[in-house]
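J.: Spelled out, the chains give:
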Amino acid sequence: EAGVAQSPRYKIIEKRQSVAFWCNPISGHATLYWYQQILGQGPKLLIQFQNNGVVDDSQLPKDRFSAERLKGVDSTLKIQPAKLEDSAVYLCASSTDTQYFGPGTRLTVL
Amino acid sequence: GENVEQHPSTLSVQEGDSAVIKCTYSDSASNYFPWYKQELGKRPQLIIDIRSNVGEKKDQRIAVTLNKTAKHFSLHITETQPEDSAVYFCAASSIDSWGKLQFGAGTQVVVTP
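Those protein sequence lines, which keep their order, are chains L and E.
So for the first sequence, this note's numbering puts the first residue at 1; every next one is plus one.
So for the second sequence, this note's numbering puts the first residue at 1; every next one is plus one.
Hints may contain errors.
Derived lysine-lysine pairs resembling DSBU-like cross-links, with alpha carbons at most 30 angstroms apart [said to hold, decoys possible]:
#1 E:K42 - L:K44
#2 E:K57 - L:K44
#3 L:K11 - L:K71
#4 E:K22 - E:K58
Please keep in mind that the hints were generated in silico from the structure rather than gathered at the bench.
Given these sequences and hints, build the entire structure.
T.: Here is the structure:
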């Protein structure tokens with residue numbers, strides 16, 4: 001069974017630029033999550049989708065972050081404009097019950 | 001909302017000894033408690049989980065215990081090996097949170113030969 005796929009794996013941008021991350025969940029997993037993991041901390045949920053609907057986005061900084069899952073499969077997370085404090089690993093996870101994580105995208109904002 | 005606290009933040013053990021990591025949670029509605037292992041630069045991987053209808057679960061050298069009354073759960077690793085060195089995260093979720101996990105801050109475990 002293929003795991004959760006994410007791209008790119010690494011991204012370096014300057015502050016105020018835009019960036020987008022892509023996630024392909026495990027086939028058949030209706031629930032998809034985006035987490036932000038700052039160095040030395042546990043993952044923090046940004047947004048959770050059930051199929052193509054948002055279940056929880058209470059911790060998503062909506063002035064700069066957006067996410068979509070148009071067809072209930074792949075998802076994209078966008079940051080516009082980026083700030084220095086957005087430097088982190090962005091993890092995508094999917095589940096039917098147990099959550100499985102992708103390899104993450106390491107974002108560095110200079 | 002749920003708050004999960006994890007202790008200790010770092011743990012150094014000699015190979016062959018046991019390691020114990022403890023977590024407490026605040027939401028009495030929480031009913032699912034997974035543990036993830038994250039090696040440097042890699043994804044978190046589920047190593048064991050427990051639901052609130054059981055008090056203990058074991059898988060080879062790894063065990064998890066749950067005390068619902070005290071709202072805490074613990075990870076026990078016996079006969080530690082160098083490959084157990086990693087950051088371990090506990091997490092909690094409740095049945096009415098659509099599987100949303102609240103993670104602890106993590107424990108850096110170092111197993112020295």
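J.: None of the hints should be skipped; say for each whether it holds.
T.: Now the hints, each set against the structure:
For the given pair, K42 of chain E sits about 16 angstroms from K44 of chain L by alpha-carbon distance, which is consistent with the 30 angstroms threshold. At most 30 angstroms may separate the alpha-carbon atoms for a hinted pair to count; K57 of chain E and K44 of chain L meet this at roughly 26 angstroms. Our distance criterion of 30 angstroms between C-alpha atoms is met by K11 of chain L and K71 of chain L, whose separation comes to about 26 angstroms. Among the hinted pairs, K22 of chain E with K58 of chain E is consistent with the structure: their alpha-carbon atoms are about 16 angstroms apart, no more than 30 angstroms.
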